[in-house]
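When the letters of the sequence shown are read in order and numbered with the working numbering, they come out as residues 3 to 57.
Just so you know, these hints were derived from the structure itself, not from any lab. Take these hints with a grain of salt, some might be off.
Have a look at the derived ranges for each label pair, beta carbon to beta carbon [claimed, not checked]:
id, residue 1, residue 2, range
1, 10, 41, 15 to 23 Å
2, 26, 5, 16 to 24 Å
3, 27, 7, 31 to 39 Å
4, 4, 26, 27 to 35 Å
5, 37, 5, 29 to 37 Å
6, 28, 4, 16 to 24 Å
7, 10, 37, 29 to 37 Å
8, 29, 3, 32 to 40 Å
9, 40, 7, 17 to 25 Å
10, 5, 38, 30 to 38 Å
The beta carbon of each residue, even a glycine, is placed where N, CA and C say it ideally should be.
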Amino acid sequence: MDKIHVFKNAYRKHCEYILEAVVNFQFSDVESLWYSFWNSSSENRNQSDTLLTRP
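Model the full structure from these sequences, guided by the hints.
Structure below.
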């Protein structure tokens with residue numbers, strides 16, 4: 003359950019950054035914010051997949 007809270011907090015912060023970029027008309031930042039969040043998540047996903055694999 004703790005991993006869910008960590009993801010929720012990281013995703014909330016990510017959304018805040020996206021909203022701030024849009025409100026300030028910094029649309030070029032949106033792509034890099036989106037990519038950096040989901041790219042780092044995919045790196046962590048490999049570790050999570052290993053932990054979640056059934057024996």
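**Assessment of proposed distance window 16 to 24 Å (beta carbons of residue 26, residue 5)** = violated, 32 Å
**Asked** Does the hinted range 15 to 23 Å hold for residue 10 and residue 41 at CB?
**Response** holds, 19 Å
**Asked** For the pair residue 4 and residue 26, does the Cβ-Cβ distance stay inside 27 to 35 Å?
**Response** About 33 Å separates the Cβ atoms of residue 4 and residue 26, which means 27 to 35 Å holds.
**Asked** Would you say the C-beta atoms of residue 10 and residue 37 sit inside 29 to 37 Å of each other?
**Response** violated, 20 Å
**Item:** Distance restraint hint 16 to 24 Å, applied to the beta-carbon atoms of residue 28 and residue 4
**Value:** violated, 33 Å
**Message:** Can you tell me whether the CB distance of residue 40 to residue 7 sits inside 17 to 25 Å?
**Reply:** This hint holds: roughly 19 Å between Cβ atoms.
**Asked** Would you say the C-beta atoms of residue 5 and residue 38 sit inside 30 to 38 Å of each other?
**Response** Violated, at about 20 Å.
**Request:** May I ask you to test the hint 31 to 39 Å on the CB atoms belonging to residue 27 and residue 7?
**Result:** Check passed, 33 Å falls within 31 to 39 Å.
**Asked** Do residue 29 and residue 3 keep their Cβ atoms within the hinted range of 32 to 40 Å?
**Response** holds, 36 Å
**Request:** Note whether the CB distance of residue 37 and residue 5 lies within 29 to 37 Å or breaks it.
**Result:** violated, 22 Å
Of the numbered hints listed earlier, those contradicted by the structure are 2, 5, 6, 7 and 10.
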